[in-house]
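Protein chains in written order, with my numbering: chain A, 1 to 224; chain U, 1001 to 1386; chain L, 2001 to 2388.
Keep in mind that a hint or two might mislead.
Claimed, not checked - Calculated cross-link-like contacts (lysine to aspartate or glutamate; reagent style DMTMM-like; alpha-carbon spacing at most 20 Å):
1) Lys1377/U with Glu21/A
2) Lys1162/U with Glu2235/L
3) Lys1096/U with Asp2216/L
4) Lys2238/L with Asp2216/L
5) Lys1377/U with Glu106/A
6) Lys1005/U with Asp31/A
7) Lys63/A with Glu21/A
8) Lys1162/U with Glu2228/L
9) Lys1096/U with Asp2213/L
10) Lys1195/U with Glu1239/U
11) Lys2087/L with Asp2179/L
12) Lys196/A with Asp31/A
13) Lys1096/U with Glu2248/L
14) Lys2061/L with Glu1130/U
15) Lys1009/U with Glu21/A
16) Lys178/A with Glu210/A
17) Lys220/A with Glu106/A
18) Lys1162/U with Glu1130/U
19) Lys144/A with Glu1108/U
20) Lys1098/U with Asp1155/U
21) Lys2132/L with Asp2179/L
22) Lys1098/U with Glu2135/L
23) Lys1377/U with Asp59/A
24) Lys63/A with Glu210/A
25) Lys2107/L with Glu1239/U
26) Lys1213/U with Asp1120/U
27) Lys1096/U with Asp2249/L
28) Lys2237/L with Asp1095/U
29) Lys1230/U with Glu2248/L
30) Lys2061/L with Glu1197/U
31) Lys2061/L with Glu1164/U
32) Lys1377/U with Glu1284/U
33) Lys2087/L with Asp2249/L
34) Lys1096/U with Glu2244/L
35) Lys1162/U with Asp2226/L
36) Lys2061/L with Glu1192/U
37) Lys1098/U with Glu2245/L
38) Lys1377/U with Asp31/A
39) Lys1098/U with Asp2249/L
FYI, nobody ran anything at the bench for these hints, they're computed from the structure.
Model, not experiment: these values are computed from the prediction.
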Amino acid sequence: MPNSLIQIQNISKSYWRDSIEIPVLNDITLDVHEGEFLALMGPSGSGKTTLLNLIAGIDRPSKGTITVNGTNIASLSESALAKWRSHNIGFVFQFYNLIPVLTAFENVELPLLLTSLSKANRRKHVELALNVVGLGDRIHHYPKQLSGGQEQRVAIARAIVTDPTLLVADEPTGDLDKRSAEEIMVLLDRLNQEYKKTIVMVTHDPRAAERAHVQRHLDKGELT
Amino acid sequence: MRILKLILKNSLRHKLRTFLTILGMSIAVMAFGVLRTVVEMWYEGVEAAAPNRLITRHAVSFIFPLPYSYREQIAKVPGIETVSFANWFGGTYIDKNKFFARMAVDPETIFDVYPEFIIDAKELETFKRERNSCIVGYEIAKQYGFKIGDIIPLDGDIYPGKWEFVVRGIYKPRTQSTDATQMLFHFSAVDERMKVEMPGREGLIGWYIVKIKDPNQAGTISDQIDALYKNSSNATKTETERAFTQSFISGLNSLLAAMNFVSFVIIGIIMLVLGNTMIMSARERIQEYAVLKTLGFSGGHLIGLILGESLVISAFGAGLGLFLTYPVVATIAAIVPKGFFPYFFITPTTLILSATSALSIGLLASIFPIQRAIGTKIVDGLRHIG
Amino acid sequence: MKIPMKYIIRNFRTRRLTTMITVFGIALVVFVFAAVLMMAYGIQRTLVATGSPDNVLVARKAANGEISSIILRNDYNTVLTLPHIAKDPNSQPLVSGETVVIINIYKKAGGLSNVTVRGVAPQAFTIRPQVKIVEGRQFTTGAREVIVGASVAKNFVNTAVGEKITFGGDTWTIVGRFDAGSGFNSEIWGDNDQLQAAFRRQGGYSTVTFKLDQSDAFSSFKAAFDREPRLQQFEPKKEQRFFEEQSEDMALFIRILGIFITIIFSFGATIGAMITMYAAVANRTVEVGTMRALGFRRRSILTAFLTESLTISLIGGLIGLVFASFLQFFSISTLNFSSFSELEFSFALSPSIIIWSLFFTLMMGFLGGFLPAVRASRLNIVNALRSA
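Produce the complete structure using the sequences and hints provided.
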């Protein structure tokens, strides 16, 4: 029985707009196992991105606990959470979110600046990550010189360069054409099968969801 | 320090905007430097006054003359080394714009009480010997091309008539704060002529210059000199040269206060230009800062980035501004006739003030953007569309 | 098709903070610009008002001010022989030979300063009707009495009516306060004979002022003056002109310094405006693309952005001018370079200052907005639309 990497227990989340409380997640309980590839699906407004954000530690739940690899992240302070994120999470966004003034190489290197690795060591890790995603030849180009698919690969390389516990992806293929989307999904699949990365992905693309082991659906803040 | 590279790259993101910001800042820093220099030069005379020199003038105001006969009595006051005097001649050299100080003095003692006027011994000897000779300061000689042997014609006003003096020496200033724009000639030349042409006006000098042995005795000796003439019709007021110079400036207090106020406004302008830029940059990068936070960069890192960029820009702005201040000050010094501003140079205080102001602005201008970046929640930032 | 003003105005509200900063910067620049011009104009106006249009002042040619001018008795008498000097009903010439000196008094604000003391003849009040006693009375001829100008009473200690001042080896009683609405307000007046005796200047006067018998007689008077060989060392000037010249050094200094500062400021404000406008353009590329796609021409885009810039600067300029106009309630007392004595003057606004300020404002708005507006107008439609 593979270990439970993420334990989400009775999570609720609400937002406040002026003085009105808007509930987004309602008493969610969920386990994610090590090496699992989970797809979170649901209609727009179902709270799937919110759940993803909570798992990734970029938002805090209103109620409940989230334990990742033994750590209750909801109880960490902001700076502790930041540190935790740098060691444990790799985030892939829908719109890539690369820093425009940095080259592909420098973008991938960015998370490593938070470590104490030497320049030579960092270079090794970056080159390795870029090779894994298949972008060895474009490393000194700027984002605006890359296609959408290439940008997303750089983003994935950035997400894996610190060898994080968990990869989190928010609509990774949302902005890509059919062929590039397929390539990205193949890559994510490989990361999961070959490199044993645990992946939690939000998507409403059924073809992307097919690659995952487990599919969970969210509707109006509840798991169905 | 790879973060530095990110900072630099951020600054170069909008090259035009960064360039304009640096340019705007540098011009303001330069203006601040020039304005402060004008104010400082006025006060420099006060600073450069010798602590062991007293000025004895008429108690009513400096435009009233004192009898020449006071000299012997003053010399008897204990603690005094030398007593000399000067008389403001005024007059016009060619036209009113060619203004410089013209003084009728005692050739025997004047260079003793002003040791910072450096004069060649032979030139001094000639000057003492020839009654119609004069010695001019280096800066005036340079500006008007006076050479030894030249005749300087003056059109007198206080002492009416046409006068001519032969240049027999050129004195050099000991420091950059020494006035090298004076024209000195024999008091006896003026006095003799007054005896003949305007009887009743001879035997009167402008003020006494008293060199004392111990600067700490300045107060006591001043009181003693004034006590000699307290009840006479020409009472005196004796004070240190510093106080005397200061009293000339105090009339300009409102003007100087206005100029100081304006320097602060200049600082405000620098702040606005830089602040405006930083706010704009911050607004565009809210999403990016959220991404960095996602990657694990902490609030401290972001502060470093924003502050770093602000300081880099203000450092360049300050550097360029200071660099520009020198030629502007030099141009002003060259254009304004030497007699009005005998010296015009940038003091270390001005340099330090300019640099620190610019850098503190760099600090202040980043406060609002930092607040924004730290305060925005990651999820909001990711959603933000610049 | 013209882009409606509504569009331009609404855009201000979306970038409130940076727009406000730009407006504030421009307001500040215009405020300083106007203030400096108002100061210089204030000095000139005060001094020109000092003179009357029909009066002539005779002083030594080489003199740099009244205090360094000397007219001996003989020369004074020679002047009296010249034509065109007005006479009073008793056929006495309306002439005032005056002795002008400086004394030191402490300012209420602290520190010692120089005050002009003027010994006048009784005719001085006839030829200078603008000088009016507002408190106390006129000084008595032959007594150690003086009257002080309104500015002196206001800015210096112990100068109220009834107090005594000591100078010239004697104590003088202040018997009255006068208001001339001009530079004379910064002076102390007394009987010329008394003051001459006190200062031991019986040999002559500093200057001589008289009234012309006809308003346009100055040139004939001057011609007669120049023909007189004994008066070669002296020069007649219309009184207004003489005092106006006394303001020139100071006014010039203030104007040069002030304009230098303002130009620097305007660089700062213009650059600020430029940065703001460039950002505005960059943020609205999609809109611009859309408008062009709808059919608006390049020129309209350029005009719209330029108008936006000009409007921002105009608002800033008007704010600055309004605040500057409040300065008219303030006055400054400072040393005048030419006379070496205190002069009180207030900031004065003139139509030409308003016009120059507005022109300056629009220049800043134009320069700040032109290049960004050009960039906006040159955007390629397809790229602009795609940049969403």
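#### Entry: Earlier hints that do not hold, by number
Result: hints 3, 5, 6, 9, 10, 11, 14, 15, 17, 19, 22, 24, 26, 29, 33, 36, 38 break, sorted rising.
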